[in-house]
Amino acid sequence: MEGNEILQLIRRYLAGDETAFAALFHQYNNLVFKTAYVLLGSKDEAEDALQEVFLNVHRSLASYQPTKGAFSTWLYRITVNHCLSWKRKRRFLFFSFDEGHAQHQRQHQRQYPSVELSMHHSVTHEEQVEVADQVLKAMSHLSPKLRAVVALRYYRDLSYAEIATILNVPIGTVKSRLCQAMETLRAVLESTAAESVAQDLLPREAKS
Amino acid sequence: MKCHEARQLLIHYSNGEIGRSERELLQAHLTQCESCFRHLQSLSNVEQQVRAGLHEAADLAEPSSMAWQELSHRLAGRRRERTAPHSSLPLIWRLMGGVSATIALAAVVGAVIVTPSLRPAHTPLDSPSTQITTQAHAPADATTGLESASSVDATQMIAPAPRKKTRPLLLSEPDSFLQASQVRIEPESEFVSQISCYYCLRMR
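Just so you know, the sequences run in chain order S and Z. Per my numbering, the very first residue in the first sequence carries number 51; after that it's consecutive. Per my numbering, the very first residue in the second sequence carries number 1414; after that it's consecutive.
Source of the hints: derived by calculation from the structure; they are not laboratory data. Keep in mind that the hints are not guaranteed to be accurate.
[Said to hold, decoys possible] If you only want the chain S side, here are some residues facing chain Z, beta carbon under 8 Å, derived:
hint : residue
1    : R62
2    : N79
3    : L100
4    : Q101
5    : L111
6    : A182
7    : Q184
8    : Y205
9    : L208
10   : C229
11   : L239
12   : T242
Heads up, the beta-carbon is just placed ideally off N, CA and C, and yes, glycines get one too.
Turn these sequences into a full structure, and let the hints steer you where they fit.
Take a look at the structure:
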């Protein structure tokens, strides 16, 4: 639902139809929330970001110009700007991601209370949680600006040009940030993998 | 192309975000440099891991089902604020208004506190002759004795000390009125009461 339908909703809202804003919220709340979650690493903070972003949208929807770009691009910009300014205000990045990890675990426990009894059903889910956890932890080593580029590229699959528009920086800056971010992530994830391999080997050696 | 130049382009090559001339130069370098080729493979693996991890993380997190209710509640509050009439006066005048309102309130509260202490001062001032007359005829008239006794008690409740003095209070003794009022007054209202008594006396 992009293009004409969204423009219709925006026109209806600007004409005073509040139900059109509700429709916009239900259309885009997942996009905003999940992007914020990937950027902030905490579900609670992503919830706050969702509220603040849509309050901002409600306030400034009249300033959106369809000729300058898609509504989703405009929304990404508001979301990313909010998350970057939020991160500037509080710099407890590691705590944030640890909290996200703990929430994952709690959610996992709620969804799969009997992990030991249904092994072949939960293994893939556990692996998924582990991969997500590792990546989020690795992301915590990046500065917010680098993290925004990574999230927009690998989570939202946006082109360099779109990322440059959203972040309001030249494409060259996007390239240099992405290069720097991926080198950092490579180093962190490879060291994490090496540690987990070493931990897996230890019990075997003990057994033999 | 040298290795450090190639390393800057590998990720963009993997993403398909590289110019044609750069791509050709890089491909030529990769066919010759095994180290850069392995680096490219490593980066591709990291890209896959990051992409999968971010999607998994996002899939595991869902916005609250109450998000819209909370937002609509906040929007309604904002609309109420917008429609509510608000003062167009500058902040300094609004602050001045608040300060003057506080002073007025303090004056009212002070007056309420001070009023009991003024009563014994006003009562003899307003009708000194009747007060003296009642005291003079009280023992002789048994029927009015009850009334006068009750009035004496009531006066004593407010200001027992002047009743012990047998002589009536004189207008020329402002301090005696203040000393006579035994009702405890607040320190800040004492000053007000003194001024009030002084002006009462001056008016007489």
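task = With chain Z as the partner, please determine if R62 of chain S meets the hint condition of a C-beta pair closer than 8 Å.
result = violated (16 Å)
Residue hint T242 of chain S, partner chain Z, criterion CB-CB below 8 Å = violated (10 Å)
For this session: Would you settle whether the hint for Q184 of chain S is holds or violated, based on the nearest Cβ-Cβ distance to chain Z being less than 8 Å?
Result: holds (6 Å)
Restraint outcome when L239 of chain S is required to lie within 8 Å of chain Z by C-beta distance: OK, holds: L239 of chain S within 8 Å of chain Z, min 6 Å.
Less than 8 Å between beta-carbons is the criterion; does Q101 of chain S satisfy it with respect to chain Z?
With Cβ-Cβ at 6 Å, under 8 Å, it holds.
- prompt: Measuring from the C-beta of A182 of chain S to each C-beta in chain Z, is the shortest one below 8 Å?
  reply: Holds. Min distance 4 Å.
Using the nearest Cβ pair, does N79 of chain S come within less than 8 Å of chain Z?
holds (5 Å)
- Item | Evaluation of the interface hint that places L111 of chain S against chain Z, nearest CB under 8 Å | violated (12 Å)
| request: Identify whether the interface hint at L208 of chain S stands, where standing means a beta carbon of chain Z within less than 8 Å of its own. | output: violated (11 Å)
Supplied contact hint for C229 of chain S, tested at 8 Å Cβ to chain Z: Holds. Min distance 5 Å.
| Holds or violated: is there a CB of chain Z closer than 8 Å to the CB of Y205 of chain S? | Hint holds; Y205 of chain S Cβ to chain Z Cβ min 4 Å, cut 8 Å.
Worksheet item: Against chain Z, is L100 of chain S within 8 Å by beta-carbon distance?
Response: holds (6 Å)
Of the hints listed earlier, those the structure fails to meet are numbers 1, 5, 9 and 12, in rising order.
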